[in-house]
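If you read the protein sequences in the order shown, they are chains Y and G. Residues in the first sequence are numbered consecutively from 1, following this note's numbering. Residues in the second sequence are numbered consecutively from 1, following this note's numbering.
Accuracy of the hints is not assured; some may be wrong.
So the derived label-pair ranges between C-beta atoms look like this [said to hold, decoys possible]:
(1) G:GLY313 - Y:GLU182: 54 to 60 Å
(2) G:ASN114 - Y:ASN114: 17 to 23 Å
(3) G:ARG23 - Y:SER288: 53 to 59 Å
These are calculated hints, taken from the structure and not from any lab test. Think of the CB as a built atom: it goes at the ideal place given N, C-alpha and C, for glycine as much as any other residue.
Protein chains: 2
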Amino acid sequence: MVPVRLASSMATVLLAHEKFPHRAKTAVSILRYADDDVVAVLDRANAGRSVHDFLPDVQNAPIVSGMDEVEACDELIIGIAPIGGGFEDSWRADVRTALERGCDVTAGLHSFLNDDEEFRELADEHGCELTDVRNPPDDLGVSEGRAGEVDAEVILTVGTDCSVGKMTVARELYEAARERGEDAAFVPTGQTGIMIEGWGNPIDRVVSDFTAGAVEEMVLERGDHDYLFVEGQASIVHPAYSAVTCGILHGAMPDELVLCHEAGRETIHGYEHIEIPPLPTYVERYESFAEPVHETEVVAGALNTRSLETDEGARSAVGAYTEALDVPATDLLRFGPEGVLEAVL
Amino acid sequence: MVPVRLASSMATVLLAHEKFPHRAKTAVSILRYADDDVVAVLDRANAGRSVHDFLPDVQNAPIVSGMDEVEACDELIIGIAPIGGGFEDSWRADVRTALERGCDVTAGLHSFLNDDEEFRELADEHGCELTDVRNPPDDLGVSEGRAGEVDAEVILTVGTDCSVGKMTVARELYEAARERGEDAAFVPTGQTGIMIEGWGNPIDRVVSDFTAGAVEEMVLERGDHDYLFVEGQASIVHPAYSAVTCGILHGAMPDELVLCHEAGRETIHGYEHIEIPPLPTYVERYESFAEPVHETEVVAGALNTRSLETDEGARSAVGAYTEALDVPATDLLRFGPEGVLEAVL
Numbered sequence: 001m002v003p004v005r006l007a008s009s010m011a012t013v014l015l016a017h018e019k020f021p022h023r024a025k026t027a028v029s030i031l032r033y034a035d036d037d038v039v040a041v042l043d044r045a046n047a048g049r050s051v052h053d054f055l056p057d058v059q060n061a062p063i064v065s066g067m068d069e070v071e072a073c074d075e076l077i078i079g080i081a082p083i084g085g086g087f088e089d090s091w092r093a094d095v096r097t098a099l100e101r102g103c104d105v106t107a108g109l110h111s112f113l114n115d116d117e118e119f120r121e122l123a124d125e126h127g128c129e130l131t132d133v134r135n136p137p138d139d140l141g142v143s144e145g146r147a148g149e150v151d152a153e154v155i156l157t158v159g160t161d162c163s164v165g166k167m168t169v170a171r172e173l174y175e176a177a178r179e180r181g182e183d184a185a186f187v188p189t190g191q192t193g194i195m196i197e198g199w200g201n202p203i204d205r206v207v208s209d210f211t212a213g214a215v216e217e218m219v220l221e222r223g224d225h226d227y228l229f230v231e232g233q234a235s236i237v238h239p240a241y242s243a244v245t246c247g248i249l250h251g252a253m254p255d256e257l258v259l260c261h262e263a264g265r266e267t268i269h270g271y272e273h274i275e276i277p278p279l280p281t282y283v284e285r286y287e288s289f290a291e292p293v294h295e296t297e298v299v300a301g302a303l304n305t306r307s308l309e310t311d312e313g314a315r316s317a318v319g320a321y322t323e324a325l326d327v328p329a330t331d332l333l334r335f336g337p338e339g340v341l342e343a344v345l
Numbered sequence: 001m002v003p004v005r006l007a008s009s010m011a012t013v014l015l016a017h018e019k020f021p022h023r024a025k026t027a028v029s030i031l032r033y034a035d036d037d038v039v040a041v042l043d044r045a046n047a048g049r050s051v052h053d054f055l056p057d058v059q060n061a062p063i064v065s066g067m068d069e070v071e072a073c074d075e076l077i078i079g080i081a082p083i084g085g086g087f088e089d090s091w092r093a094d095v096r097t098a099l100e101r102g103c104d105v106t107a108g109l110h111s112f113l114n115d116d117e118e119f120r121e122l123a124d125e126h127g128c129e130l131t132d133v134r135n136p137p138d139d140l141g142v143s144e145g146r147a148g149e150v151d152a153e154v155i156l157t158v159g160t161d162c163s164v165g166k167m168t169v170a171r172e173l174y175e176a177a178r179e180r181g182e183d184a185a186f187v188p189t190g191q192t193g194i195m196i197e198g199w200g201n202p203i204d205r206v207v208s209d210f211t212a213g214a215v216e217e218m219v220l221e222r223g224d225h226d227y228l229f230v231e232g233q234a235s236i237v238h239p240a241y242s243a244v245t246c247g248i249l250h251g252a253m254p255d256e257l258v259l260c261h262e263a264g265r266e267t268i269h270g271y272e273h274i275e276i277p278p279l280p281t282y283v284e285r286y287e288s289f290a291e292p293v294h295e296t297e298v299v300a301g302a303l304n305t306r307s308l309e310t311d312e313g314a315r316s317a318v319g320a321y322t323e324a325l326d327v328p329a330t331d332l333l334r335f336g337p338e339g340v341l342e343a344v345l
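In isolation and in its complexed conformation, chain Y is listed as follows:
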């Protein structure tokens, strides 16, 4: 676990071709939470528009079709992560241009920039850093089952599927707790959280024997805060990624869970032959899975209502979600984090 990038006010460009905003969660979260000064978003499908056309509540930036149209920047961040986490060749020209202009390039992909010969040569030639935040440190080990010993109240976000808002909800709660004057810290477990915080172990890229251990290490390291908000990953019912979810759940030994869901989602994204089970069963699934290692409780729900146009529709969906889980719930971005924060602190 090492600092991976300077999370400071750099002039940053976010690559999000054909995915902005709804399939570009890294880009959107950097716009929302990071200290970076975002000078442009690259999305050839939305060139000419601006971030605020889609997301009025984050920092604004022009959307352009490629690095050629960006005047000056310090860093290009790959702001999308396709299923499988590979580098797509249609991004190559932008990365090449960035490096030729002396910009650092940062990615959270499974395939590493540093393994690409052309990029390595260009980076050497132009004095740039290539940072792969998903490349875990070499010194990870197995969990000792000790995260439960920390003084902090550990709160983990868990989900019904991928891309429902676990990072966002953990981040919103963390920031809201700090605004209230609470002594809180954020434990990042994925590329986006790591980019925002500037440190962390990329749990989905860790050797599976060390999954829990890599989370435990971070919880022990930050355990002297009063509250730790741990970013969860994937879902306990996910056909491909449940190992990551389960390793985090046993490794972090959380005291409380916040269950995240997206309104209207009925099947696992990308695995449409697999249905999302009834919502109340998730409470039972997560609690009973955790229990032999460390008892925990779903204390609140977070519903992502981005697909619902009206606040009225969103409110009604939140009502149904609250009833299904039988705990306080809201859409933290749409209606504010207060209700859920109360349930958590």
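Starting from the known structure of chain Y, arrange chain G on it as the hints suggest.
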């Protein structure tokens, strides 16, 4: 997934210092199941004795204190895997001697022989192969949730803890099915199974995002047999390794489970602060975890009674285990695999 070693009748030495036989499961399984001709076991704590003093039902070999006492061999296998999977320096002299005498060396550790400069130089100098069976191939990817499509009946062994007999039970059932003339295959997921079969993905060493995918790949590859016996790993309640268990369970999409347990085990081995939950809850835990991805059922139980001296005591423990699970159960090594095989086929 590639062939990793010639699983043939080599003159093999098994290193198992201070762990033979009860904490040397790789060594014991090679003695029991592999085609290797084992010429010696290295265990300085038991030098002068023989394998049959401890295990009368596997191939016999003398136990000696080090490679110096071995006359001739083709291959040295590290037959123990400590928690964490590191290489212990007290084994170095034996590996060095083996290489100097032209023997290949094979290990299933997390730390790779091929990363050790001294071993690499000696291997080059003496024309030996260093094989790390726990080094996964580079081309693994995420699961597509498709293992359920194979024609084969997929049977997975699952456990209450590590080292309770999941590999052994899968292997016994596979061999017994073949003896009956059934068209069966074995899917190895750990270092021991891979050493015996000569191929396979070491699931506990795979990137956690690819855990399920690396199992799915093997099931799809062997799916044209009538029965696939998949070696499970660790346990759904294990504080460090549950990610591996869960990735295999969702990746293999098994039709049937055999729940393995060791008589008398009350806490998680190496994590004595964590109790083994009541046995019937494991049936519910495994079935309900698997269900959203692929429905499955615990159809039989396997009880490891090695700690019980008398057959009478073992029979009584098996009776209690059968009652707790409410499915047919036995100790397959002690009483034969038939009862459980019937329940599975």
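Outcome of the hint check:
{"no.": "1", "hint": "G:GLY313 - Y:GLU182: 54 to 60 Å", "result": "56 Å, holds"}
{"no.": "2", "hint": "G:ASN114 - Y:ASN114: 17 to 23 Å", "result": "21 Å, holds"}
{"no.": "3", "hint": "G:ARG23 - Y:SER288: 53 to 59 Å", "result": "31 Å, violated"}
Hint 3 alone, counting from the list given before, is not met by this structure.
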